[in-house]
Amino acid sequence: MPAELPAVRSEAAFEDYKLPLSPAQAVVEAGRCLFCHDAPCVTACPTHIDIPQFIRKIANGNDRGAARTILESNILGMSCARVCPVEVLCVGACVYNDLEEPPIQIGKLQRHATDRAFEEGWRFFEAGAPTGRRVALVGGGPASLAAAHELRRLGHACTIFERRGFLGGLNTTGIAPHKMKADRSLTEAEWVLGIGGIEVRTGAEVGRDVPLADLECEFDAVFVGIGLGADTRAALPGEELRGVQGAVAWIERMKLGDAGLADVRSAVVIGGGNTALDAVRELLALGVPQVTMLYRGSEDVMGGYAHEWAAAKDAGARAEWRAVAVAFEGAGALERVRCARTDEARKPIPGTEFTIAADLALVAIGQAKLGVALAGLAGIRVEGGVVRVDADGFTGRPGWYAGGDCANGGKEVVNAAAEGMAAARAIDRELAAGGGTGRKDKNGA
Amino acid sequence: MPDLSTDTGGIRSPNPFWLASAPPANSGAQIQRAFDAGWGGAVWKTLGTPIQNVSSRFGGHTIGGARGAGFNNIELITDRPVEVNLREIAETKKRWPHNPIIVSLMVETREEWREIIKRSTDAGADGLELNFGCPHGMCERGMGSAVGQEPAVNERITSWACEFSTVPVLVKLTPNVSDIVPHGMAAKRGGAHGVSLINTIKSIISVDIDRFVPEPRVGGLSTNGGYCGAAVKPIALHMVAALAREPGFGLPISGIGGVRNWRDAVEFMLLGSSTVQVCTEVMLRGYRVVEDMRDGLEEYMRAKGFARVHDMVGKAVPAFSEWGDLDMNYETVARIDAEKCIGCQLCVAACHDGAHQCIHPQEGSRVPRVDESECVGCNLCQIVCPAPGCITMERVENGYRPATWNDHVSHGAALRPKKGAH
Chain A
48 MPAELPAVRS EAAFEDYKLP LSPAQAVVEA GRCLFCHDAP CVTACPTHID
98 IPQFIRKIAN GNDRGAARTI LESNILGMSC ARVCPVEVLC VGACVYNDLE
148 EPPIQIGKLQ RHATDRAFEE GWRFFEAGAP TGRRVALVGG GPASLAAAHE
198 LRRLGHACTI FERRGFLGGL NTTGIAPHKM KADRSLTEAE WVLGIGGIEV
248 RTGAEVGRDV PLADLECEFD AVFVGIGLGA DTRAALPGEE LRGVQGAVAW
298 IERMKLGDAG LADVRSAVVI GGGNTALDAV RELLALGVPQ VTMLYRGSED
348 VMGGYAHEWA AAKDAGARAE WRAVAVAFEG AGALERVRCA RTDEARKPIP
398 GTEFTIAADL ALVAIGQAKL GVALAGLAGI RVEGGVVRVD ADGFTGRPGW
448 YAGGDCANGG KEVVNAAAEG MAAARAIDRE LAAGGGTGRK DKNGA
Chain B
70 MPDLSTDTGG IRSPNPFWLA SAPPANSGAQ IQRAFDAGWG GAVWKTLGTP
120 IQNVSSRFGG HTIGGARGAG FNNIELITDR PVEVNLREIA ETKKRWPHNP
170 IIVSLMVETR EEWREIIKRS TDAGADGLEL NFGCPHGMCE RGMGSAVGQE
220 PAVNERITSW ACEFSTVPVL VKLTPNVSDI VPHGMAAKRG GAHGVSLINT
270 IKSIISVDID RFVPEPRVGG LSTNGGYCGA AVKPIALHMV AALAREPGFG
320 LPISGIGGVR NWRDAVEFML LGSSTVQVCT EVMLRGYRVV EDMRDGLEEY
370 MRAKGFARVH DMVGKAVPAF SEWGDLDMNY ETVARIDAEK CIGCQLCVAA
420 CHDGAHQCIH PQEGSRVPRV DESECVGCNL CQIVCPAPGC ITMERVENGY
470 RPATWNDHVS HGAALRPKKG AH
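As you go down the protein sequences, you meet chains A and B in turn.
Numbering follows the working numbering, in which position 209 of the first sequence is assigned residue number 256; successive positions increment by one, without gaps.
Numbering follows the working numbering, in which position 94 of the second sequence is assigned residue number 163; successive positions increment by one, without gaps.
Derived from the structure by calculation, the hints contain no laboratory data.
Small disclaimer: the values here were computed from a predicted structure and weren't measured.
Check the hints yourself; a few may be wrong.
What the hints assert, rightly or not - In silico SDA-like pairs for lysine to any residue, Cα to Cα no more than 20 angstroms straight-line:
#, chain 1, residue 1, chain 2, residue 2
1, B, K384, B, D394
2, B, K271, B, L290
3, B, K487, B, H425
4, A, K65, A, N321
5, B, K409, A, L146
6, B, K409, A, P149
7, A, K487, A, R444
8, A, K65, A, E76
9, A, K226, A, E134
10, B, K384, B, D72
11, B, K487, B, Q426
12, A, K155, B, G134
13, B, K409, A, P150
14, B, K373, B, R363
15, B, K488, B, G423
16, B, K409, A, K487
17, B, K487, B, N475
18, B, K409, A, G139
19, B, K487, B, H421
20, B, K409, A, Y143
21, A, K226, A, G334
Said to hold, decoys possible - Covered by chain B, according to a simulated footprint, are these stretches of chain A (three or more residues, beta-carbon under 8 angstroms):
#, stretch
22, 70 to 81
23, 84 to 94
24, 137 to 146
Stated by the list, open to error - Here are some chain B residues pointing at chain A (derived, C-beta under 10 angstroms):
#, residue
25, G129
26, G133
27, G134
28, C410
29, P430
30, R435
31, V453
32, P455
33, A456
34, P457
Each residue gets a CB set at the ideal place from its N, CA and C atoms; glycine is no exception.
Using the sequences and the hints given, assemble the complete structure.
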């Protein structure tokens, strides 16, 4: 850790879509905050950052205190400032919306304080007195990073198992580059590791390189934050054609290397969620002349955020609402996507077929749920591929916790951070009470 | 169309807006530009034995992002030769015969007063203003507020000035006293035709927390300065009103202190000022601020049916009373309009931490609830509420007849039960 990123990455072409505030702008914007009591923005934030308090600190020239307030509640506050859908979270809850005044730009203020913390090298947290307890964290994404950091503050030794060569999970491989690029995620992961005492085993896939059950020999508790798996396949004729790809896989390629768009004139993105919208915006930004989103429902029921679709539309995206792909056609390489209109049940209506010329089709209809990997462990319930947990992330098997996409089915980075932190505190409580996996090597270690 | 012209102790002005004696009224060129912009009159920056000034001279107090909401200075009287000032006064009067120039003066001896008054009136002064107020620099030399703080000295010098002057004399009072009334009465006994107040307030505007030196900083030192600007208006209003309601005072008042716009001016007028003087707002924004002052005053007078400025002067003075004369049985409570509430709950925090703990959050709603049986009608919630018209203070009929504290003490008038006494 960290792995070097390739020098040439397609995502490098992107500029921030939300420019940072200048120090003077930050003070003015912070000065607008009403300092609400029991503020709705705090309630709306999954990590419950004390937003009015950190904003007041910025307004009074105490950026360091502001950064501490943010990171105290959310150690991934720097990336969340960039990647959170603030429009539907804190900013959407700002009371100024009801006053028909512009809401406080909370995300940008959070970015102001946390970027400053990174630039100045401010550190706020120290590892707790060693407890002698060891916790394994499976998966190196946001949930595990947040959990590990909190566990270290509480004095527990941590080991992160990450199958890739680097940390950050989807924060590194999946964030739309106009929000955040991969290197920023790696910087944040390193910053989190700065607390010390977090061992990272990259290239180690639990379940393949490390048997799940073996973890109980070495560790007092296990946190599972393995995220989601590969793109769900379209299962349509022609999906083996060159130019038909999973959207998540393509986004990762674009972020960590070359997006392979040199000869692409027309792209179709299948799906109506936020991954589809990200892909649409990225294809347009990288110069694909025609990008069409194909969604089986109508605009008002799409899963993706309305503000993201509005931005995609502004960038020139087209959409075919209430339409599905029925086949990919071409000789060796994709030439067109055959589509059909859908009925109320979102099923193809016979006789309504049409084609869209395309040399790239990205399938964004979901990702595999990896909870099944835990299905063999007694006490752990997996439903629809998602690990069932309580509010603390507890799975039902002593010492075993889960959080992030593998347990919530796929939400935001900020949800993963909140769940990781909650699980860390619950692990600490369980271990303090004498619980845990009943680590086998306890006496010999 | 309402008539904006005024008469303050015999000084007639086309409108009630005067430049105060200060940097904006330092030279003929400036004052002529001000008259071009629409100012009614100007009080020329104080003449006296020319002094020398320091760098820097001004300090600003930023409140919630509002720069210069408070302001102070350590600048002294004019630093230009008297004859240059007098020549420019004459030139300006020639160009603007109908806009009064009031010459501010500050000298020491009777002979000096005789001479400077003669020269000023010869140059065309329409009135004089005796600077008994400057709280920095000049007072250390026995002038300015050193005079204004001693009624006997004030009276003596005022009487000299009135003896020598052929034009009306205004006395400019310092607020750096515990009660303004004896000082206004001293000016009256000396024969003044009017008073102007307030001069600036003795102050330290701020401290440079990196250098450990107060501001404005002159090298490694600072000194107390005169505080002014929007933030001092409440103090100025009180002093103006205290004189306006004083039986036996009765002199015209030129109000000064934090006038930023026509609304501020109207407040000064309703409390007894026939003209207002402005400095800080001009220093911060320039002479053209007078346009809305005139325009807004005219619209206000039209809306209220005042034909002349003097019809409104002092209108609110009878309503300025002593605490013991207030009706203890007048009762109000806060009401929250749920339709207008934005759910910020600033009222909850304010009431719980800063008032009487009677506004409570409600389960399942962001709109708080007022416990009217505990609400003392203090206004705090209405003051903090950012949603226009959301919180109103409503009169409550409680069946008690009006009774003041004085009534209660003198003849046992019945008072309603106390509220908010948990």
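We went through each hint and held it up to the structure:
| no. | hint | in the structure |
| --- | --- | --- |
| 1 | K384/B with D394/B | 19 angstroms, holds |
| 2 | K271/B with L290/B | 17 angstroms, holds |
| 3 | K487/B with H425/B | 12 angstroms, holds |
| 4 | K65/A with N321/A | 18 angstroms, holds |
| 5 | K409/B with L146/A | 8 angstroms, holds |
| 6 | K409/B with P149/A | 17 angstroms, holds |
| 7 | K487/A with R444/A | 16 angstroms, holds |
| 8 | K65/A with E76/A | 15 angstroms, holds |
| 9 | K226/A with E134/A | 14 angstroms, holds |
| 10 | K384/B with D72/B | 17 angstroms, holds |
| 11 | K487/B with Q426/B | 15 angstroms, holds |
| 12 | K155/A with G134/B | 19 angstroms, holds |
| 13 | K409/B with P150/A | 17 angstroms, holds |
| 14 | K373/B with R363/B | 15 angstroms, holds |
| 15 | K488/B with G423/B | 16 angstroms, holds |
| 16 | K409/B with K487/A | 63 angstroms, violated |
| 17 | K487/B with N475/B | 17 angstroms, holds |
| 18 | K409/B with G139/A | 18 angstroms, holds |
| 19 | K487/B with H421/B | 18 angstroms, holds |
| 20 | K409/B with Y143/A | 12 angstroms, holds |
| 21 | K226/A with G334/A | 18 angstroms, holds |
| 22 | 70 to 81 | holds (count 4) |
| 23 | 84 to 94 | holds (count 4) |
| 24 | 137 to 146 | holds (count 4) |
| 25 | G129 | 16 angstroms, violated |
| 26 | G133 | 6 angstroms, holds |
| 27 | G134 | 4 angstroms, holds |
| 28 | C410 | 8 angstroms, holds |
| 29 | P430 | 6 angstroms, holds |
| 30 | R435 | 7 angstroms, holds |
| 31 | V453 | 9 angstroms, holds |
| 32 | P455 | 6 angstroms, holds |
| 33 | A456 | 6 angstroms, holds |
| 34 | P457 | 9 angstroms, holds |
When each numbered hint is compared with the structure, violations occur for hints 16, 25.
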